[in-house]
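Protein chains: 2
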Amino acid sequence: MAKTSNEESLLSGALSAWTTNVERADKLFFSLTPEQLGKEIAPGKNRLIYLWGHLTAVHDLMLPLLGLGPRLHAELDEPFLTKADKVVANLPSSEVIKKDWNEVNGKLRDGFAKFSVADWLQKHASVSAEDFAKEPHRNRFAILLSRTNHLSYHLGQAVIRDK
Amino acid sequence: MAKTSNEESLLSGALSAWTTNVERADKLFFSLTPEQLGKEIAPGKNRLIYLWGHLTAVHDLMLPLLGLGPRLHAELDEPFLTKADKVVANLPSSEVIKKDWNEVNGKLRDGFAKFSVADWLQKHASVSAEDFAKEPHRNRFAILLSRTNHLSYHLGQAVIRDK
Numbered sequence: 001m002a003k004t005s006n007e008e009s010l011l012s013g014a015l016s017a018w019t020t021n022v023e024r025a026d027k028l029f030f031s032l033t034p035e036q037l038g039k040e041i042a043p044g045k046n047r048l049i050y051l052w053g054h055l056t057a058v059h060d061l062m063l064p065l066l067g068l069g070p071r072l073h074a075e076l077d078e079p080f081l082t083k084a085d086k087v088v089a090n091l092p093s094s095e096v097i098k099k100d101w102n103e104v105n106g107k108l109r110d111g112f113a114k115f116s117v118a119d120w121l122q123k124h125a126s127v128s129a130e131d132f133a134k135e136p137h138r139n140r141f142a143i144l145l146s147r148t149n150h151l152s153y154h155l156g157q158a159v160i161r162d163k
Numbered sequence: 001m002a003k004t005s006n007e008e009s010l011l012s013g014a015l016s017a018w019t020t021n022v023e024r025a026d027k028l029f030f031s032l033t034p035e036q037l038g039k040e041i042a043p044g045k046n047r048l049i050y051l052w053g054h055l056t057a058v059h060d061l062m063l064p065l066l067g068l069g070p071r072l073h074a075e076l077d078e079p080f081l082t083k084a085d086k087v088v089a090n091l092p093s094s095e096v097i098k099k100d101w102n103e104v105n106g107k108l109r110d111g112f113a114k115f116s117v118a119d120w121l122q123k124h125a126s127v128s129a130e131d132f133a134k135e136p137h138r139n140r141f142a143i144l145l146s147r148t149n150h151l152s153y154h155l156g157q158a159v160i161r162d163k
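Chains as they are written, first to last, in my numbering: chain A, 1 to 163; chain B, 1 to 163.
The shape of chain A in the complex, shown without the other chains:
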């Protein structure tokens, strides 16, 4: 067995943290009925369905940001990203969000599997080549870490709900 290099070990740890958190979200959201998803996490706060749609939209945006292809579900932006919860009257159903969530995370997983360490250290799509030359930490790996933290942040909120 070839010895894993230090850079591969570090990357593998970060990918594992991403996968663990996606699996936690799967387990949590898949276990909820449409009625439960329609409830607020606390009085007057976001509904669970909003958190799930929001996470799906943010993960979908990672595709172009990481150079893994175009958005799959830009229609999620208005209800779950640009507008607050309970502003848009007709949200996509939980079946639709589940399908989109799985599709987006699957495409990310396939893309991640093909990225080398050097690919992860390339600039992400929202930074100019000029800025990236001065700020090389604005790379794809930073997006992976920050989106893993973003997912944890909202998972922490989702578990607040009354069971």
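Honestly, the hints are just simulated from the structure, not real lab data.
One should not assume that every hint holds.
Identical copies go unnamed one by one, so any copy, or any two together, can satisfy a pair.
[What the hints assert, rightly or not] BS3-like mimics (lysine-lysine), calculated; alpha carbons at most 27 Å apart, straight line: (1) K3 - K134; (2) K86 - K45; (3) K107 - K134.
All values reported here derive from a predicted model rather than from experimental measurement.
Knowing the structure of chain A, use the given hints to seat chain B on it.
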């Protein structure tokens, strides 16, 4: 300027994510009065002071786990880790928690600054040498990532509170 190696770039990204989240927590908790810290994040849920003490205890535990020295504040375990909120009658004051929080995070920061990539890839203290030989992903770097996510998770909860 020496070119940064790939492994140094990856590590630097993860350390930056840790620091960013500690700073977010500083900003949030330092801005609250003792009265605000005594409020629940939502009806019947944990109080903010409990979240802060819990995070301090978990960060304190990182010191021995990462080989950075003994615990500084094991007295936080009972009120904030082993017992649920509102079980222990007399919690440490918010001034004490703030002091402990700063002390623990400062010691972690100093220790992190001295760790090489190879140090981060060493086994953490809760895994045996035998298990680590089979499961090399159970390293200190995995602790850094998981505790960053843990911090995000509870920050997401802390912002739920009514302002």
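Now for the hints, and whether the structure bears them out:
no. : hint        : in the structure
1   : K3 - K134   : between (33 Å within a copy, 13 Å between copies)
2   : K86 - K45   : both (10 Å within a copy, 23 Å between copies)
3   : K107 - K134 : neither (31 Å within a copy, 30 Å between copies)
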